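Starting from the known structure of chain X, arrange chains V, B and A on it as the hints suggest.
The listed protein sequences derive, respectively, from chains X, V, B and A. Note that numbering that gives the first Met the number 0 gives residue 267 to position 268 of the first sequence, counting from 1, and the numbers run on in steps of one. Note that numbering that gives the first Met the number 0 gives residue 85 to position 86 of the second sequence, counting from 1, and the numbers run on in steps of one. Note that numbering that gives the first Met the number 0 gives residue 110 to position 111 of the third sequence, counting from 1, and the numbers run on in steps of one. Note that numbering that gives the first Met the number 0 gives residue 112 to position 113 of the fourth sequence, counting from 1, and the numbers run on in steps of one.
There could be a bad hint or two in this list.
As the list claims (entries may be wrong) - In the DSSO-like style, the derived pairs of lysine-lysine whose C-alpha atoms are separated by at most 30 Å in a straight line are:
#	chain 1	residue 1	chain 2	residue 2
1	A	Lys245	X	Lys327
2	B	Lys118	X	Lys245
3	B	Lys146	X	Lys146
4	X	Lys245	B	Lys245
5	B	Lys94	V	Lys319
6	V	Lys245	A	Lys146
7	A	Lys319	X	Lys319
8	V	Lys94	V	Lys118
9	V	Lys146	A	Lys146
10	X	Lys245	B	Lys140
11	V	Lys245	A	Lys245
12	A	Lys327	A	Lys140
13	B	Lys94	B	Lys56
14	B	Lys118	B	Lys94
15	B	Lys245	X	Lys140
Hints in this document: simulated from the structure, not taken from any laboratory. Predicted model only: the values in this text are computed from it and were never measured.
The chain contents come next:
Protein chains: 4
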Amino acid sequence: MNTQKSGVGVGVIGAGIMGADHAAILSRHVTGAHLAALCDADSERANRVAAECHAGKIYKDPAELIGEPEVQAVVIASPDHTHADLVLACLEADKPVLCEKPLASNPGECQHVVRAEMKHGRRMIQVGYMRRFDPTYQDMKRAMMRKGMGRPLVLHCIHRNPAAPGTTSDSVLASGAVHEIDIARWLLGGEIVHAQTWSPIPGGEDAVRDPQLVLLRSNTGALITIEMFENAGYGYEVRAEAVCEKGTVSLEAPADVRVRYAGSDSSEYPSDWRPRFALSYRNQLQAWVDGIVNGTSCGADAWDGYLATTIAHACIRSLKTGQGVEIKAETRPEFYR
Amino acid sequence: MNTQKSGVGVGVIGAGIMGADHAAILSRHVTGAHLAALCDADSERANRVAAECHAGKIYKDPAELIGEPEVQAVVIASPDHTHADLVLACLEADKPVLCEKPLASNPGECQHVVRAEMKHGRRMIQVGYMRRFDPTYQDMKRAMMRKGMGRPLVLHCIHRNPAAPGTTSDSVLASGAVHEIDIARWLLGGEIVHAQTWSPIPGGEDAVRDPQLVLLRSNTGALITIEMFENAGYGYEVRAEAVCEKGTVSLEAPADVRVRYAGSDSSEYPSDWRPRFALSYRNQLQAWVDGIVNGTSCGADAWDGYLATTIAHACIRSLKTGQGVEIKAETRPEFYR
Amino acid sequence: MNTQKSGVGVGVIGAGIMGADHAAILSRHVTGAHLAALCDADSERANRVAAECHAGKIYKDPAELIGEPEVQAVVIASPDHTHADLVLACLEADKPVLCEKPLASNPGECQHVVRAEMKHGRRMIQVGYMRRFDPTYQDMKRAMMRKGMGRPLVLHCIHRNPAAPGTTSDSVLASGAVHEIDIARWLLGGEIVHAQTWSPIPGGEDAVRDPQLVLLRSNTGALITIEMFENAGYGYEVRAEAVCEKGTVSLEAPADVRVRYAGSDSSEYPSDWRPRFALSYRNQLQAWVDGIVNGTSCGADAWDGYLATTIAHACIRSLKTGQGVEIKAETRPEFYR
Amino acid sequence: MNTQKSGVGVGVIGAGIMGADHAAILSRHVTGAHLAALCDADSERANRVAAECHAGKIYKDPAELIGEPEVQAVVIASPDHTHADLVLACLEADKPVLCEKPLASNPGECQHVVRAEMKHGRRMIQVGYMRRFDPTYQDMKRAMMRKGMGRPLVLHCIHRNPAAPGTTSDSVLASGAVHEIDIARWLLGGEIVHAQTWSPIPGGEDAVRDPQLVLLRSNTGALITIEMFENAGYGYEVRAEAVCEKGTVSLEAPADVRVRYAGSDSSEYPSDWRPRFALSYRNQLQAWVDGIVNGTSCGADAWDGYLATTIAHACIRSLKTGQGVEIKAETRPEFYR
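In isolation and in its complexed conformation, chain X is listed as follows (with noise of 0.2 Å):
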């Protein structure tokens, strides 16, 4: 019903599940900008979602979306082992890109990411950690620096879901645990320099390691645990608390609608995370489309990208060594500040 083709043309890469919420919200809850394109090698998926959302065209190959003229700029929402060639090509385009995490496959894929924008002479790739645009974790971060409240010395973060067929012992940390990373760097300051993570282990050595606690400690001094465990069974549940020295903040899941019934008061989980962070994927593609248009920029850079998944893969390391892992801390590149 919307037909409005005005503003930024943004072409959109994969139509699974992150990629059609990523073209619903463009199609229904942004301005400044419309669904020039999608793509997907699935062409029926392509075409069920390019329907509903309006879509100019519709591609099989993200090359030839990349090159659409129409396309002005690029939402990548495709498997993670493809991200980091199609961020690559999205610069090689000249055409701003919006990457859904992680930025690539490892660190070296990442570090090669970021040397490329550097070259490149400007800031086009923006990470999709939108938790960052969730406004609870806003209010959580002001209400973190308010007066008397002292430094940051804990943060615990617990993240479940209630399924997640194809979970690998390693996709527990390298695609759930990169959020509460990304979450935590952008709370406290600071870089992470240590990891370690464990794991129950009443599967046995060979079962997945589901769920897993993860220690990092920053150059700060603070610490974060992460509790992830992708198959909780009960519902989608993300947590915070920050232990400052005078006190602390926590968010907690929303309740708004109680039911007293049978013997208990009771408050749903949604089954994903997409009632939860409906608005701060909302609010993360505006800002994007406005900073594109304002050629500003905004939420997590590449940078942030790489060092995500760095402190990731160094809790893979650790959960196979059973060992901590030191993370050299890094200066952010002038580029990047």
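Below, chains V, B and A alone, put in the same frame as chain X:
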């Protein structure tokens, strides 16, 4: 920064808090429409809001805005006593209109508007009872419908503002309680047939009556209690609990960020309705625009607006007389089905 | 196992739920007293409770228990209609008495008891409005007194049971709402001067009226709303919120253990009042025993019991007539100050 | 006012905060026992507490109290370093003893006590891990056992005090974390086999290490995280969450009275553990007294006390070395089954 001019051209009458909000939402959060014009008797205010929201044109006289060819649909957010005449002018100009609540100053005026719309022969009017578009009220309604809950018997409503300097004993009901009246009708079905109002009187008989308690009876037998407190001091809060035969459903104030500090665990209240109902206003405007494009209607219609004001005025009469007031249950005209 | 026989010898009349509870508390949680005797018309029940609670003697006839020399003080927990006569018998025997609420079946009987106590010349009677001894109600009252809160304007009370098979339209008020009436008087001060009662009637005019809504007005101008629901289905719950000039104080259902499971976050309700008010009953009995030893009195006296029943019966009359009922504010006799 | 002298004669060693509390509970809330004697090196303190609690006799020397014939059982609430010797003296006097945690200053001393009790040939020692008697921890355990929850995988524990002037890096663990260690063992079953401790270090390496984070691994594979913060500033709070295969059970800080005032909704924290665990201490003492009368035992025994201290000392070693510490899982002796 958003320069799009595509979609439905909307004119907003009034650049006060509500008008400015509608203008901002139209320019930032609604797709398929643009802010074609804005008008306010106060030129400075009109200019400021128009600049912030990229309004195409600025008027002092609402009649000119309504007559402007680029304005295809109108949002009325001017003072309450102007609503009826402006709605009638929109009807005359054959332009769809979203009128802030209340629809008119009194039941008679509302009835006049209803008749004019019926004579016009096509549904043109939506009244800004935005809670119908609030995700939590929608969740509440869904939960009330669950198998096993049984019929709703009682609905408790609480509605508090921190301070409302211009409050009168009448405005507490005509301008505040109408929200509760409309959402009660929407949640419960049935029609209100009896109203009674009380107020604590520690300030004496001459003081503004605030808070007020209202008891409504529906023709289904259900009872509704409303506490309206315009000067509650502590913050803006809306709560509700529907008591059904086998359970209850309650809507609570959001408390997603909690601060532990200096001996207490606390969450913050906003100082007005905007944070609480931000999404409701967005969703309402988007649905209204979509309805214009698609030729459908949604939300509270003129008949609902007429009933809300009729019931509020019965509450006012009850407050004055100290007696309960019968309300004649009228059959919804075919036109509004 | 507890074989102590020191301290005040207490006789308990009635071995039903309430009597058994009082007996158990006396034998397990109260110091300075022992359960000297127990009586119940049902010998088997009396024997069972007496064995569990190590009661010294067992009677069928309450008069004999009252006459027993080892019984120095009496707890009355027999059916409501027997209260007045038994209290009078205790007065005659010059034995302090803690009478379960209500003090008597109707205001006239209560008045008779009050006069008898005044004639006796010494305070002998406490009425079992145990909420006055509840730590959370006490916390609530303290919070209402805080500097800056201002005067209480409205008190909302909610009182629900999961099921009450023998409920009558009258007992909802005479036996249930009396708790709310007493605690409202205790929290707010002032005296109730007007009562009105409503009930949703989806079951028709002949059905038992449950739930019921009550509105009381105090001579301070404050208003009290009460929702009584004896067959609320889901569990036992008591809540309250005092709305003061500058803030509110609410008393919530405890939810200290929460279970996240199968899509929801839930806490459990008890199936009756005992877990919620376990401490209140203990504290009440201990304070009563301490008062006997120290020659002081505390809790609700016969005058309070008279007023609670008087107000409840005004509510009953209102339910029957559909009209508000005035209650003559009587001056508390010097004897009860 | 309570002058009863029946039941078990209990002597309390120590009239500091804990000793005074035990004495008060014995004199007011426990049946089947009386406070036969009290001792403290500080006579004034001893006299004051003895007067308040109607202690029969007052001593300076604990040996005399233990030897006093009217003292049939002993509560030890003197400084931690005195515990072991006093427990041994009670064993020698053949008097049942409830010893405040920790059982002794270090694992070696604990082991010595355990051996002495085994040699004595009859169970005489209970250690004051009172949380096992807390109704909410008991509810939590019950909820964890529910059909469908699956095995516990992770237990998160948070334990904060507003301020603890004398805190040392060791006492955070030896005196504070021992509560978490004991309750974790009680909730999860299994035995702790590995411990690791961290602390944020914004105060530098020389500062007292507070807060501290502990990670324990059980021989069932389950993991336990503990946050201990003795100077958390805002209040006393204990929370926990058990993460099971299909759901979680959490224990929250009570928040039954909520105040809405000046922009926030808040509930209060106590300034120390006494309000939170008042019932636990009462229930513990009552159960201990009942056990003496009935010849049964309950609560944490000397073996549990030995393990809690052993694990806490492993945590201390880990904090010092920066390495994880293995704990040899020992088989519970037949004597303690």
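Hint-by-hint comparison with the structure:
no.	hint	result
1	A:Lys245 - X:Lys327	violated (38 Å)
2	B:Lys118 - X:Lys245	violated (61 Å)
3	B:Lys146 - X:Lys146	holds (24 Å)
4	X:Lys245 - B:Lys245	holds (28 Å)
5	B:Lys94 - V:Lys319	violated (53 Å)
6	V:Lys245 - A:Lys146	holds (25 Å)
7	A:Lys319 - X:Lys319	holds (25 Å)
8	V:Lys94 - V:Lys118	holds (15 Å)
9	V:Lys146 - A:Lys146	holds (24 Å)
10	X:Lys245 - B:Lys140	holds (29 Å)
11	V:Lys245 - A:Lys245	holds (28 Å)
12	A:Lys327 - A:Lys140	holds (26 Å)
13	B:Lys94 - B:Lys56	holds (17 Å)
14	B:Lys118 - B:Lys94	holds (15 Å)
15	B:Lys245 - X:Lys140	holds (29 Å)
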